[in-house]
Amino acid sequence: MSNLPKTIDEDVIENPLPSNWILQHPMYQYLMNLDVGDSAQVYAAFLVYLDLSEVRNWKEVNGVGCSELQLVLLEGREKEGDPLQVVLPLPVHRGISHRSVRSVLARSSPMLLCVVASDSTLVYQRMCDGLLTPEPPVSIQDQGRRQHRKRRQQQ
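So the sequence shown is numbered by the numbering used here: it starts at 1 and just counts up by one.
Honestly, the hints are just simulated from the structure, not real lab data.
The beta-carbon is built from N, C-alpha and C at its ideal position, and this holds for glycine as well.
A portion of the hints provided could be inaccurate.
Said to hold, decoys possible - Derived CB-CB ranges, DEER-like:
1) Q29 / T133: 39 to 45 Å
2) L122 / G81: 38 to 44 Å
3) S97 / L17: 36 to 42 Å
Said to hold, decoys possible - Distance condition first, Cα-Cα at most 20 Å in a straight line; then the derived DMTMM-like pairs of lysine to aspartate or glutamate:
4) K79 / D38
5) K59 / D82
6) K79 / D35
7) K59 / E75
8) K59 / E78
The task is simple: from the sequences and hints, build the whole structure.
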């Protein structure tokens, strides 16, 4: 055996995470202490927190309790110096009323709705107060340019 120090990978193999690591995570405990009463929504909020902070590298991601709606909201910045964004994590089986959406939008518009499926798939949808004309898909823009070129060539 070598007296060389262990690498991080060897340490992870020898000391795997306990099966209940989520319950022991400080952010999960913090979200549970917000006392919203819906453990499925808290779990969804925790999964979204992990995605935003660990995968997407958002800054200053924090949980906020909304006692009026009995929901956990997340706030964070996509990049350093960006404005604070509100994210509403929602389990796929739970519905939400227009009143609830309007209440969250009153805090911050636009907001991100993140639907969390039972297999931990996350789907983000940006929501705002009112209607916005969506940007046309790139393929439609390209098609319009091609048709314009054809018309010019025919003239």
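Next pair to validate is K79 with D35; report whether the Cα-Cα distance is within 20 Å.
violated, 29 Å
Given a hinted range of 39 to 45 Å, is it respected by the beta-carbon distance of Q29 and T133?
holds, 43 Å
Note whether the CB distance of S97 and L17 lies within 36 to 42 Å or breaks it.
Because 38 Å falls inside the window, the suggested range holds.
With the threshold set at 20 Å, check whether the alpha-carbon distance from K59 to E75 stays at or below it.
Within the cut-off at roughly 9 Å; holds.
Is the hinted pair K59 and E78 satisfied, with a Cα-Cα distance of at most 20 Å?
holds, 6 Å
Should the hint that L122 and G81 are 38 to 44 Å apart at their CB atoms be regarded as holding?
Violated, since L122 and G81 (Cβ atoms, about 25 Å apart) do not stay within the stated range.
What's the verdict on K79 and D38, does the C-alpha distance respect the 20 Å limit or exceed it?
violated, 30 Å
CA of K59 to CA of D82, is that 20 Å or under?
Holds - the C-alpha atoms of D82 and K59 are around 9 Å apart, at most 20 Å.
The structure is inconsistent with the numbered hints 2, 4, 6, although it conforms to all the rest.
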